[in-house]
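These protein sequence lines map, in sequence, to chains W and E.
Position 198 of the first sequence, counted from 1, bears residue number 198 in the working numbering, the numbering being contiguous throughout.
Position 436 of the second sequence, counted from 1, bears residue number 436 in the working numbering, the numbering being contiguous throughout.
The set of hints was computed from the structure by calculation and includes no laboratory data.
Incorrect hints may have been included.
What the hints assert, rightly or not - Which stretches of chain W does chain E cover? Using the computed rule of at least three CB atoms under 8 Å from a CB of chain E, they are:
id	region
1	74-82
2	117-125
3	253-262
Claimed, not checked - Quick partial rundown of chain W residues pointing at chain E, CB under 8 Å, derived from the structure:
id	residue
4	A51
5	P52
6	C53
7	C56
8	P61
9	A85
10	H101
11	A104
12	W155
13	L378
Don't be surprised by glycine CBs; every beta carbon is placed ideally from N, CA and C.
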Amino acid sequence: MTGEERSNSGRTAVGSGASEPADSHDRFPTAVRQLSDRSSTAVPPLPDPLAPCVHCGFCLPACPTYLATGDESDSPRGRIVLMRALALGELPPTDDALAEHLDACLGCRGCEPVCPSGVQYGRGLEIARARLAEVRGLTPLARIVLGVFRRAWLWRPAFTAARWLRGTGLFGVVAGEGRMGFAAGMVAATTRHCEARSDEAIGSPRHPIASSAAPWPPRNAGRPTVLLFRGCVMDTLFTHVHDATRRTLEINGYDVVEADGQVCCGALHDHAGDVAAAKALAERNVRALADRADYVVVDSAGCGALLKDYGHLLGTEAAAAFGAKVRDVSELLAAAGPVPPGPLDLDVVYDAPCHLQHAQGVHAEPLRVLSAIPGLRLRMLPGSDKCCGSAGIYSLLKPDMARAVLDMKIAEIAAALPRPAYVTTGNPGCLMQIGAGLRAAGVPIHVVHPVELLDWAYLNSE
Amino acid sequence: MQSLLPHLERITGPRWVRHRRAELATYAMDGLPTRESPPAAVVMPGTREEVIAIVRELHRAGVPWVARGAGTGLSGGAVADPAAVMITLTRLNRILSIDPARRRAVVEPGAVNARLSEAALPFGLAYAPDPSSQAACTLGGNVAENAGGPHCLKYGVTANHITELEVVLPDGSTARLGSRGGEAWGPDLVGLFVGSEGMFGIAVEITTRLVPLPRAVRTSLADFGSIRAASEAVSAIIASGIVPAALEMMDQVCVRAVEASIYAAGYPTDAAAVLLVELDGSEEAVVGDGAVVDNLLAQHGARSITSASSPAERARLWQGRKKAFGAMGRLAPDLAVQDAVVPRSALPAVLDAVGAIGRRHELVVSNVFHAGDGNLHPNISFDRRDAQLAARVHQASGEIMEACVAAGGSITGEHGVGSDKRDYMPLIFDAATLDAMCAVRRVFDPLERANPGKVLPIHACREWRAGGVA
Ligand SMILES: Cc1cc2nc3c(=O)[nH]c(=O)nc-3n(C[C@H](O)[C@H](O)[C@H](O)COP(=O)(O)OP(=O)(O)OC[C@H]3O[C@@H](n4cnc5c(N)ncnc54)[C@H](O)[C@@H]3O)c2cc1C
Ligand code: SF4
Ligand code: SF4
């Protein structure tokens, strides 16, 4: 039995470059497998990714919503019970309590790497959420938010306006407690907080690939080409991170190219169960980005996780081939060394984004990149394996739970001694959530993307 | 019941009273998948005072209840029938104080076992009992089950590490048992409460001992070509007078499941059995004992012996062992974890018998256990949706228990009796003894409302009530 056969999700699981614990099913020793097959001859194995759950409870302490509430209905094990009941028809998709507790899941997949049985929680959740969305529809708020992200002509002006207002410093002033104060804090958190050189300084203007008909750009001898995935939030509120990504990759021997026609990655839609919208966006991205460079580089962990998984989402060879080329920026930088930068005399704590560590299985690379900076005193944030509560649009839909989860994260940061100057994490949602949380709690620590620090360090290298 | 909910909600706030069908389904089992029953409601107190108010309210209403920690128990103990209310203690999870000088910690019952050792670490101390479920299980649950763990061979089980308890009795009154220092005076009431499986009341404050971290530790893995050879090596080590900090055995089925999981520890998958031997103490003692132990292992046919050379390697060897139960989900969706104790000298014969029972019923049986204590965990992998298979599992479990008892053993080593082992109690206790147990229980809980229907065979208590006829 291979991993593919096991995840009977209607989609084909195709290797995507992400190393998932689930793949270890492939390593299952034959003798044991035969035994287990024989033991259940009368009933075929449960055809779902949750089947291996033995209810042991090891996943409980890994789950931020369980830690925040102590309630097993908000735990992975409890949600698996609910998802199984849904699949077996013991509870209908119209059951409000069931929907409420599945909705309260962050989708962070913190429960997967700790599970000794290799339960594929994320796959199970995908199936359950798609079923709920199909029968119940999305909540009005989710529908509006997801609708915006589906249309660039809506999100681009909205985020651009937010960026413009950010420039006025207004958000920083009104940021704080309360829903509006928190939202302002999220935008304020997108401000660039560390030094960076201007684009001109490095002398590497973008080389756009004007249209999909454009010829392959002439390669610099031996330099791999990487195509920057621009995304939506990243391409408006975090352009400074994109700039840092481009500059650091160039220094590390990559040729960064651009491509038109790309759209939002669809992760927000996929997580909410709006699979049709996710697929439509994915198809456009594959069309716009496939076969244009050696790698597709992503500096947003949430987007990267889904881009790598397009093969699973779309079930096509082309999408799988595309997914196999996707890399987080830290992966490319670590593979290249990175080229030694100048020193930064700073205390920094690293908090791993869930969609990097749990969904993509990328752990060491961001640390390798940051440790390359001389003088930087890097620490792992205790509880870095736990979600910050951002989780895509979750923090909008479930503000109370999101805050309860965030509060645990902020408490860890506030307790870190010596007090760090920066918290660094490679995902826009986490940067905004943690940034806003720190502001609300009055903790004077800034948030930055790891490539921003590396970029800054290169500035000191001459 | 409906009339009771508003009263409970008034105590905790509505957020902390769960009563919808889907929510109750998530509390229908503990770590044992064969006992399933949703409670009438789940209430989650946030303070000790709320616990007291809830128990008083339930007492007034005449409603039975079941305490629950993390629900990792393996005997169906934290499962309530549909007429009972579940009181979940996970919100009471603070570590109230650590006194490094007197080596004591005071915790709330929902504090997780591993968190306590983490909190004690900066003082060079640890909480010794380390059930394999320690990352998830609560100290309240540990107290109720008198939990053990690999290192209890040398350091003793939960009962040896609890000095004082504050408990809420089933009528809502409170009592302090024992004393902080742990000086003995009068009857050992703490000892009585520890292991009472939720039938005597709810522990709301727990004072534990902390032990200094050992100066030196040596963890070795030895692999054997037969289970019998491994068991004989265990007997030889114990007979030598050396008390290892831990002495654990895993058989081939178990090793292979672990090696297929993310906790793969590098155990040889062609071994019939592996032993994990840990020695701790002073540097000299560890080196000296280590040489003796290696010798004994080799004499008894160890094919290879590897010692962990770094703390990381040591942790990896242990991870595999500690996650072994969970890894068993790779064999089949359900796992019946058994728990029995046999005299160590009987280990080889009993393991042979367990293997034979498994073969006779055509079941996948694996063994992972505290060999040094003779505490067996034969596990049967199955799929509970196959009723015929489940019946065979039940039958085989009974036969395994009988084999252990016949060898001079007992029906549980550390997972408790709960609902799962209740019917085996007459295998080891005669009617008069069971009567006496009922009488003790009724001292704490005259109306039998705390965790009803567990541990003591129902007819035993009824007979007691009817006038003690045995
Ligand atoms: C994978 C795995 C490995 C395990 N390994 C071990 C092991 O090595 N050694 C071992 O001993 N056990 C082991 N166990 C069993 C289990 O973890 C222990 O019995 C543990 O003590 C249960 O704690 P809990 O918090 O989950 O309690 P629960 O399962 O929630 O409850 C257990 C019992 O305690 C009662 N209870 C809970 N809290 C209180 C309280 N505050 N006051 C009074 N009664 C209370 C409940 O009513 C119930 O009867 C293992 C379990 C699993 C799943
Ligand atoms: S850790 Fe895995 S097997 Fe255990 S309860 Fe959680 S999902 Fe199930
Ligand atoms: S995905 Fe995250 S929030 Fe959801 S059950 Fe798993 S650990 Fe908990």
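How the hints compare with the structure:
1. By the rule of at least three residues with a Cβ nearer than 8 Å to a Cβ of chain E, the coverage given for the region 74-82 of chain W holds, with 6 such residues.
2. Interface restraint, the region 117-125 of chain W with chain E: holds (3 residues with C-beta to C-beta distance below 8 Å; minimum three).
3. Counting residues of the region 253-262 of chain W whose CB lies closer than 8 Å to any CB of chain E gives 0, which falls below the minimum of 3, so the coverage claim is violated.
4. The restraint placing W/A51 at the interface with chain E holds, with a minimum CB-CB distance near 5 Å, inside the 8 Å limit.
5. Taken as an interface hint, W/P52 checks out: its beta carbon lies about 4 Å from the nearest beta carbon of chain E, inside 8 Å.
6. With 8 Å as the threshold, the beta carbon of W/C53 comes within range of chain E, its nearest partner Cβ sitting at about 6 Å, so the hint holds.
7. Interface hint at W/C56: satisfied, since its Cβ lies 4 Å from the closest Cβ of chain E, which is below the 8 Å cut-off.
8. Nearest Cβ of chain E to the Cβ of W/P61: about 5 Å, under the 8 Å cut. The hint holds.
9. Among the interface hints, the one on W/A85 holds; its C-beta lies about 6 Å from the nearest C-beta in chain E, closer than the 8 Å criterion.
10. With its C-beta approaching chain E no nearer than about 7 Å, W/H101 sits inside the 8 Å limit, and its interface hint holds.
11. Restraint check, W/A104 versus chain E: the minimum CB separation of about 12 Å is more than 8 Å; hint violated.
12. For W/W155, the shortest C-beta to C-beta distance to chain E is roughly 34 Å, which exceeds 8 Å, and the interface hint is violated.
13. The closest approach between the C-beta of W/L378 and any C-beta of chain E is roughly 19 Å, which is over the 8 Å cut-off, so the hint fails.
When the structure is compared with the earlier hints, violations turn up for hints 3, 11, 12, 13 and for no others.
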